[in-house]
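We have chain W already, so just place chain P with the ligand on it with the hints.
These protein sequence lines map, in sequence, to chains W and P.
Be aware that the first sequence starts at 1, since it is given in this note's numbering, and climbs by one per residue.
Be aware that the second sequence starts at 327, since it is given in this note's numbering, and climbs by one per residue.
Hints were generated in silico from the structure; no laboratory data involved.
In this text, all values refer to a predicted model and were calculated from it rather than measured experimentally.
Here a beta-carbon is modelled for each residue, glycine too, at the ideal position from N, C-alpha and C.
There's no promise every hint is true.
Interface residues of chain W toward chain P, partial, derived using beta-carbon atoms under 10 Å [said to hold, decoys possible]:
(1) E83
(2) A88
(3) I112
(4) D116
(5) I118
(6) E172
(7) N203
(8) K206
(9) G207
(10) K310
Quick list of in silico lysine-lysine cross-link-like pairs, DSS-like style, CA-CA up to 30 Å [stated by the list, open to error]:
(11) K208(W) <-> K522(P)
(12) K480(P) <-> K208(W)
(13) K479(P) <-> K357(P)
(14) K148(W) <-> K47(W)
(15) K206(W) <-> K479(P)
(16) K512(P) <-> K455(P)
(17) K479(P) <-> K59(W)
(18) K232(W) <-> K648(P)
(19) K263(W) <-> K687(P)
(20) K313(W) <-> K511(P)
(21) K263(W) <-> K480(P)
(22) K534(P) <-> K263(W)
(23) K530(P) <-> K313(W)
(24) K261(W) <-> K232(W)
(25) K261(W) <-> K357(P)
(26) K515(P) <-> K313(W)
(27) K496(P) <-> K534(P)
(28) K687(P) <-> K99(W)
(29) K687(P) <-> K313(W)
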Amino acid sequence: MKECYLGVDVGSVSTNIVIIDENNDVIAKKYIRTKGKPIKAIQFGFKEIKEEIGEIEIKGVGTTGSGRYLASILIGADIVKNEITAHAVAALNYVPDVKTILEIGGQDSKIIILRDGIVTDFAMNTVCAAGTGSFLDRQAARLGIDIKEFGELALKSNNPIRIAGRCAVFAESDMIHKQQLGHNQEDIINGLCEALVRNYLSNVGKGKEILAPVVFQGGVAANVGIKRAFEKALDMEVYVPKHYDVMGAIGSAILAREEVKSKEVSKFKGFEVADIDYKVKGFECNDCANMCEVIQILAEDKVIARWGDKCGKWTNLSDINLQRLA
Amino acid sequence: MKITFPHMGNTYIAVKAMLEDLGLEVIVPPKCSKRTLELGTKYSPESICLPLKINIGNYIESIERGADTILITGSCGPCRFGFYSVIEKEILKDLGYDIDIIVFDPPDGNYKELMNSITKAVNTKNPIKILKSFNRGRIILKEVDKLFEFSNKKRAFAVNSYEVDRIMQKFSEDVLKVKGITETKKLIKRTFKELKKIEVDNTKRPLKVGIVGEIYTVIEPYVNLDIERKLGHMGVWVDKFLTPSRWVEHNLTLGHLGLSEERKAWKAAKPYISTLVGGHGRETVGSTIMYAEKGYDGVIQLLPFTCMPEIVAETILKTVGKDYDIPILTLIVDELTGEAGYITRLEAFVDLLKKRREEKKFERVLSRS
Ligand code: SF4
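In isolation and in its complexed conformation, chain W is listed as follows (with noise of 0.2 Å):
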């Protein structure tokens, strides 16, 4: 039986789960909306990949994303690990000399700054949108576009203008004025690309030295015209991945599997999870004056975990990954 390596990155716009192999090459992956359902976009993934797999010895399971947590516990991970520090490994993995790594996800979107194959900085969008892919989905409604046609009608445009992008709303505004003067489409999209490009750059990007082989990956990596944007900003190639869409999940997998090679069994609770129902409840705890609010989840209307508190009093103490949460 093959033996394989699964990660799962739970974010909160989508949840990606992939698989690979001796060689970490990904044998499967899924990029499932989470919809503000974590627990029911594990499940339907696992049962989707189960069906798509047949008969594989999983060895080991690593979680990452804002979810992490929450996933390690349903399904029994070797290990967990914050979205930086998965991305960068699985950029290496494909890159091996990557010095910049570009992350542009639904809602964030970070800077990785490596030097010899270790990480140096980092940064992560704070308060603002605009560079992130949601600035694009929501201006492509606007325009009425596919955002999948987005990145190719960008790069049908030979008459750049420049849209205001510092935030949002006003490259919204700005856009329609432009719209109004009389610019065609491509040129108002190309123009929103480099807005969005400019925005990372000066946001995300402050401060930090750029330096190839740089490697451009999340959702938005897709867009062409985005990595057209990246490339003429930087005046240097942009390298986007074959997996660009999962690679949290593929960095997770790969941290997975240095984490067993030191230990005998795999905490994998198996796909069956997707079979069982989990329910979240969360109470504020008022004994004391920190009023914590506690969470916890409960398979089959059994406590299976509990945290948030501050005092200890509700946490389960058998699994220390858990009480980092409180």
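Okay, now just chain P with the ligand, sitting in the frame of chain W:
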């Protein structure tokens, strides 16, 4: 008179004990919570920095418990903190609270005015009595800071770091039950003893991280999302440059003799920033350099959203980080700070520091062979 004051990390412990010794009835605002922040945000100007919002929340919650007098410190630095006392007075007036506000402005050489405010606050003109309490209060402040420093170290070395939390949580509950300086002192001593009993693993080589930045954000755990604990559980030994006792040391005693840690930070910062930029901007730069020189693995800068002096410092820190080859992470907090993203940044930073250390070790081995 029922006296209250805003929360600022552990200062409440010393101030409470001191005022109690002077025979005053003290109302400690409830620990900062979601409610404190909600109240504060509701009644403060939207774009003001976070500390003021929390202050307002503290006052309202204390007034609800019967407080009729507020004690606050002022400032003359060119940052918004200088206006805090004035704005806060206006906000409370607008809300219709009938309350006395006494402001202690840092003396800056002029002790007379400070003395006037103090005599008003403590209802006695006997300077010896006041000085004595003040001194003892200062000692408590120092002891409490030491206790927390010790707990940070313990977390990094403990076999089970959560035992530290249990003891410190108990301490913060008990400290509200004891009265006056003598009892508080005893409690601190007892807590020290408890902490010492925790089993440690001395083979651990924890990462060392210095915390710099705007003082309120650095010392108030509710505002910085308990950064010391979070890092501690990740196996990091945390040191804070600014603590309440160091603030007192600088502003009321040693500072004028040029001996305080802050003065040292000014000196260190000099090549990068030679003048006051308000708040703790200069100290942030200087203390980062001092941590780098002491061989710390990394530095974290904390600031409330829109804090002008710290934004100046942040820009300069980029150069400092390069010159001194030390990783610096800047974390900005406000009422919208999401905890998940915050933890992600901390974890990634700790990963980065770990990898760097491994790499350095590796280099050393190579150069030796
Ligand atoms: S969980 Fe513990 S620390 Fe949190 S409110 Fe309840 S008693 Fe207090």
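Now for the hints, and whether the structure bears them out:
1. Below 10 Å, beta-carbon pairs count as interface contacts, and E83(W) has one with chain P at about 6 Å; its hint therefore holds.
2. Satisfaction of the interface hint for A88(W) is found here, the shortest Cβ-Cβ separation to chain P being roughly 9 Å, below the 10 Å cut-off.
3. Checking I112(W) against chain P: minimum C-beta separation of about 9 Å stays under 10 Å; hint holds.
4. With 10 Å as the threshold, the beta carbon of D116(W) comes within range of chain P, its nearest partner Cβ sitting at about 8 Å, so the hint holds.
5. A hinted interface residue such as I118(W) counts as satisfied when its beta carbon comes closer than 10 Å to some beta carbon of chain P; here the least separation is about 5 Å, so the hint holds.
6. Look at E172(W): its Cβ only gets to about 22 Å from chain P, farther than 10 Å, so that hint breaks.
7. Checking N203(W) against chain P: minimum C-beta separation of about 12 Å lies over 10 Å; hint violated.
8. Interface restraint check for K206(W): the shortest CB-CB distance to chain P comes to about 9 Å, inside 10 Å, so the restraint holds.
9. Checking G207(W) against chain P by beta carbon gives a least distance of about 5 Å; that is within 10 Å, so the hint holds.
10. A distance limit of 10 Å between C-beta atoms decides the matter here; for K310(W) the minimum to chain P is near 7 Å, and the interface restraint holds.
11. Proximity of K208(W) to K522(P) is assessed by CA-CA distance (about 43 Å); at most 30 Å being required, the pair is judged violated.
12. About 35 Å separates the Cα atoms of K480(P) and K208(W), which puts this hinted pair outside 30 Å; it is violated.
13. A C-alpha spacing of about 24 Å is found between K479(P) and K357(P), which places the hinted pair at or below 30 Å, so the restraint holds.
14. As the CA atoms of K148(W) and K47(W) are separated by approximately 27 Å, the hinted pair is consistent with the 30 Å bound.
15. Using a Cα cut-off of 30 Å, the hinted pair K206(W) and K479(P) is violated, with the two alpha carbons roughly 34 Å apart.
16. Proposed proximity of K512(P) and K455(P) is supported: the alpha carbons are some 22 Å apart, at most 30 Å.
17. A C-alpha spacing of about 37 Å is found between K479(P) and K59(W), which places the hinted pair above 30 Å, so the restraint is violated.
18. At most 30 Å may separate the alpha-carbon atoms for a hinted pair to count; K232(W) and K648(P) meet this at roughly 27 Å.
19. For the proposed pair K263(W) and K687(P), the alpha carbon gap of about 25 Å is at most 30 Å, so the pair holds.
20. Our distance criterion of 30 Å between C-alpha atoms is met by K313(W) and K511(P), whose separation comes to about 27 Å.
21. Restraint check: the Cα-Cα separation between K263(W) and K480(P) comes to about 29 Å, which is no more than 30 Å; the hinted pair holds.
22. The hinted pair formed by K534(P) and K263(W) meets the criterion: a straight-line CA distance of about 29 Å does not exceed 30 Å.
23. With a C-alpha separation of about 27 Å, the suggested pair K530(P) and K313(W) falls inside the 30 Å cut-off, and the hint holds.
24. With a C-alpha separation of about 43 Å, the suggested pair K261(W) and K232(W) falls outside the 30 Å cut-off, and the hint is violated.
25. Restraint check for K261(W) and K357(P): the C-alpha separation of about 46 Å exceeds 30 Å, so the hint is violated.
26. Taking the CA atoms of K515(P) and K313(W), the gap is near 25 Å; set against the 30 Å cutoff, the hint holds.
27. Note on K496(P) and K534(P): the hinted pairing holds, with a Cα-Cα distance of about 26 Å set against a maximum of 30 Å.
28. Of the supplied pair hints, the one linking K687(P) and K99(W) holds, its CA atoms being roughly 22 Å apart against a limit of 30 Å.
29. Distance restraint check for K687(P) and K313(W): the Cα-Cα separation of roughly 40 Å exceeds the 30 Å cut-off, and the hinted pair is therefore not satisfied.
In summary, the structure is inconsistent with hints 6, 7, 11, 12, 15, 17, 24, 25 and 29 from the numbered list given earlier, while agreeing with the others.
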